[in-house]
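Protein chains: 2
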Amino acid sequence: MPSREVTVAVLGATGAVGEQILRNLEERSIPIKELRLLASARSAGKKVRFKGEEVEVQEATPESFEGVDIALFSAGGGVSEKFAPEAVKRGAVVVDNTNAFRMDPEVPLVVPEVNGDQIRHHKGIIANPNCSTIQMVVALKPLFDRFGFDRVIVSTYQAVSGSGAQAMEELTEQSRAALEGRQGPREIMPVGKLSKHYPIAFNTIPQCDVAQDNGYTLEEMKMIRETKKIFDDESIGVTATCVRVPVFRGHSESVYVELKEEFDLAEVRQILKEGEGIILQDDIANQEYPMPLDTSGRDEVFVGRVRKDTVNSRGLNLWVVSDNLLKGAATNAVQIAEKLVSQDSQ
Amino acid sequence: MPSREVTVAVLGATGAVGEQILRNLEERSIPIKELRLLASARSAGKKVRFKGEEVEVQEATPESFEGVDIALFSAGGGVSEKFAPEAVKRGAVVVDNTNAFRMDPEVPLVVPEVNGDQIRHHKGIIANPNCSTIQMVVALKPLFDRFGFDRVIVSTYQAVSGSGAQAMEELTEQSRAALEGRQGPREIMPVGKLSKHYPIAFNTIPQCDVAQDNGYTLEEMKMIRETKKIFDDESIGVTATCVRVPVFRGHSESVYVELKEEFDLAEVRQILKEGEGIILQDDIANQEYPMPLDTSGRDEVFVGRVRKDTVNSRGLNLWVVSDNLLKGAATNAVQIAEKLVSQDSQ
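In the order they appear, the protein sequences are chains A and B. Going by the numbering used here, the first sequence wraps up at 1502, each residue one higher than the last. Going by the numbering used here, the second sequence wraps up at 1502, each residue one higher than the last.
Worth flagging that the hints you see were computed from the coordinates, not collected in a lab. Small disclaimer: the values here were computed from a predicted structure and weren't measured. Careful: at least some of the hints might be erroneous.
To be verified - Covered, in the sense of this in silico footprint (three residues per stretch, anywhere, with C-beta under 8 Å from a C-beta of chain A), are these stretches of chain B:
#, region
1, 1208-1216
2, 1307-1313
3, 1341-1352
4, 1356-1367
5, 1448-1461
The C-beta atom is built at its ideal place from N, Cα and C for all residues, glycine as well.
Make a model of the complete structure from these sequences and hints.
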């Protein structure tokens, strides 16, 4: 049956993720009655194109959410903490792309391909997981269903767009400067709010997000905690090393997973090939494997380099690449919104 | 006692590694009577500076090795296969930086900090391990001695200079082109001799070296096989994912090692700090960790991000960075040559 038309608000509409949310809303199936673009006072007044028309960005206030059905938030954790309760109070369902509510036991943490059924349990807020978590759990889901697994050891190769549009600009300027033998700006990477900044151009930085007391970074702990919550299995042991690399868009991940039983590699490939939201690109003999430049602008999760550990017959290596701004953020949020709308109209 | 003076030949003197071998020979302690710079016919006649003087590069022939004591080879596997027997026949000891003889049971595969005692067992050829193996085994050696380990799961972030000077030029040109919105040259990466070439600028490529029948790449199999041989322990299970990243110099590695017993993290840090050839740079709270831009031009192996697995109390994460042209190639070869000279003079 046709879904009812909804009023959608996008908070953080001028950011790197907000822009991709708008592209997604243009392309996907949510019937939009009214679209409200919200941002900080600094961005208010900007004009943004949506379906061929110019829409003016308004400063977010609690009243901005009056009459809103679905509010997509991607303006930072502090902004979410401030405005999510206001939006919920006014009857909106918030799909929050920040870290603010992800581990709140009252808030479903949803990747539609993995645990889309959790959406119906929301109490006003649904959290979108961290980008590096989303693509990993999509790749692991069909293996979890068929074999189960105990342990995941993941090393990431994360694009700078995970730190926003300014970080992309910094990589551009640093790269240009390095090629000309100059030093470029160092103001954002690895973490804008920290005191030390390092060049990312032609470098790797083994820090995404702030340090935690246990020696891990917050990004690493997000992957560890969120994976357990999404699979609803506290026994899953994840260890992660999160690294920034000089790529604009598309996170890559080297994922080692120890399945609960021995497996046939051909069966694993078939399962991945049929997995929801996955494109298997796995033929090293013909140099076929996922790379971030190819997956940029795509909504799916790409999996390749599927290999059995040479020693441990339950150990499986995967190379997982996805567009961190799309499936890692905007696409996943809009997919949740779509499910909300279709549930609502059933 | 003072070592005797030796005649040294460098085959591949004009390549990316050859150049670093010359810088190393200038800085280190080998007393050189005569230096012969050898290369293919194409590079013959070039002049190279050594200790302030110009030395002319000669075309390598079997006769080039007459009177040579130590020959340092880094001109590709095929060249080594052709000339190593000729050099040995004429009394030289060959330190070979290619893959040609590494797994030959008659040839010691040496990283001085790890198994320098193997040098004395040579029969004319000593192999220098693969760059990505060398830095990993240096970092693991003190842990191997204290705890032992069964399993290593490594993901690499490898610099383009591992594919030679032309690959560095390609990254430069591709980066410049991408920043100007053009497509740059695509002739070398990921593997020059294969048919498909992909951009490495602002990308990651999960292929270093050619594919093997088991789905691994040769680079990955080198790490697996060489680690067992260097530690002289066939029971060590290594699985590797080798990835090229847009970095000019310096390989990074995310290394997960499962020790044979539970460990105290403070002890592990102390052991690494005292480890031969290692610089521990591990303080995430103060944003201190190794990065390739900082380690470029340094001879040591840098270790940071030392963390215990949150689940497996025998699991240890390390971030290991080293200059692939130095400790990964030239420095290790010259260190072997130094040991040869000092053994000889004892």
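These are the hints, each one checked on the structure:
no. : hint      : verdict
1   : 1208-1216 : violated (count 0)
2   : 1307-1313 : holds (count 4)
3   : 1341-1352 : holds (count 4)
4   : 1356-1367 : holds (count 7)
5   : 1448-1461 : holds (count 4)
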